[in-house]
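S.K.: Put chain B on the given structure of chain A with help from the hints.
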Amino acid sequence: QITLKESGPTLVRPKETLALTCSFSGFSLSTIGVAVAWVRQSPGGALEWLGIVYWDNDKRYSPSLQSRLTFSKDTSKSQVVLSLTNVGPMDTATYYCAYTSGLFTEPLDHWGQGTLVTVSS
Amino acid sequence: DIQMTQSPSSLSASVGDRVIITCRASQSISGYLTWFQQKPGRAPKLLIYAASNLHSGVPSRFSGGGSGTDFTLTINSLQLDDFATYYCQQSYTAPYTFGGGTKVDVK
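Just so you know, the protein sequences line up as chains A and B, in that order.
So the number in my numbering is just where the residue sits in the first sequence, counting from 1, plus 69.
So the number in my numbering is just where the residue sits in the second sequence, counting from 1, plus 1202.
Only chain A is shown next, with the shape it has when bound in the complex (with noise of 0.2 Å):
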């Protein structure tokens, strides 16, 4: 059974760096074709695709944030960090963190509860 879920601040500063993780059960981020990608959610808005890291440490971000961006894997704990720098209000949202076996178009298949960030001061 796989399962994810998402940990961290649940309130940031302006100018802080929020730290997530997404700590997972079901599958190991070694196996050959396996990723984890980030998926956020402002409030009442669209989901928005955030980057992904794949079994290789292969990774992919979005242009809007790849500067501020970046995700790294554990694999013997079972875990993939997000680090997000210099957060501003435009940051909150629900964060996800979601699995694909990597099987023919990537299907995000499994995702974790999500964990929501406030951006204040």
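Any given hint could turn out to be false.
[Claimed, not checked] Derived pair list, reagent style DMTMM-like, types lysine to aspartate or glutamate, alpha-carbon separation capped at 20 Å:
1) 1305(B) <-> 117(A)
2) 146(A) <-> 125(A)
3) 1305(B) <-> 1219(B)
4) 1247(B) <-> 117(A)
5) 128(A) <-> 1284(B)
6) 1241(B) <-> 117(A)
7) 1247(B) <-> 1283(B)
8) 74(A) <-> 117(A)
9) 1305(B) <-> 1284(B)
10) 142(A) <-> 125(A)
11) 74(A) <-> 178(A)
12) 1305(B) <-> 1283(B)
13) 1309(B) <-> 1219(B)
14) 1241(B) <-> 178(A)
15) 1247(B) <-> 125(A)
In short, the hints are calculated from the structure, not lab data.
M.R.: Same frame as chain A, but now just chain B:
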């Protein structure tokens, strides 16, 4: 970036109706199109991948079609459980962009 445009942005329907949602890509994405369903306060759920393949456990009243730039999600005989927001996503070229969503509510 590939832009994904969904229409309509919202619609009102009744139980038993047939609902069709469209998703258009700004350039060809072959069949690299996924549909998700999301309910308030919940994570998205995968419905259809590779444009027309039904994810395991998803009711057969859901179907997807299209290729290239134009895609559809059809819900035959809408059920109470189907009132939700639906999103398309392309996975052809990173960034793997989502559409703006289509909210299906009760008429």
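S.K.: With reference to the structure, classify each hint as holding or not holding.
M.R.: Here is what the structure says about each hint:
1. 1305(B) <-> 117(A): Satisfied, since the Cα-Cα distance of roughly 16 Å is no more than 20 Å.
2. 146(A) <-> 125(A): Given that 20 Å is the threshold and the Cα spacing comes to 16 Å, the pair holds.
3. 1305(B) <-> 1219(B): holds, 15 Å
4. 1247(B) <-> 117(A): With Cα atoms ~15 Å apart, residue 1247(B) and residue 117(A) stay inside 20 Å; holds.
5. 128(A) <-> 1284(B): Status violated; Cα separation ~34 Å.
6. 1241(B) <-> 117(A): The given pair, whose Cα atoms are some 16 Å apart, holds under the 20 Å limit.
7. 1247(B) <-> 1283(B): holds, 13 Å
8. 74(A) <-> 117(A): Since the Cα atoms of residue 74(A) and residue 117(A) sit roughly 18 Å apart, the hinted pair holds (cutoff 20 Å).
9. 1305(B) <-> 1284(B): Cα-Cα ~10 Å, so holds.
10. 142(A) <-> 125(A): holds, 10 Å
11. 74(A) <-> 178(A): holds, 14 Å
12. 1305(B) <-> 1283(B): Given that 20 Å is the threshold and the Cα spacing comes to 13 Å, the pair holds.
13. 1309(B) <-> 1219(B): holds, 10 Å
14. 1241(B) <-> 178(A): holds, 16 Å
15. 1247(B) <-> 125(A): violated, 26 Å
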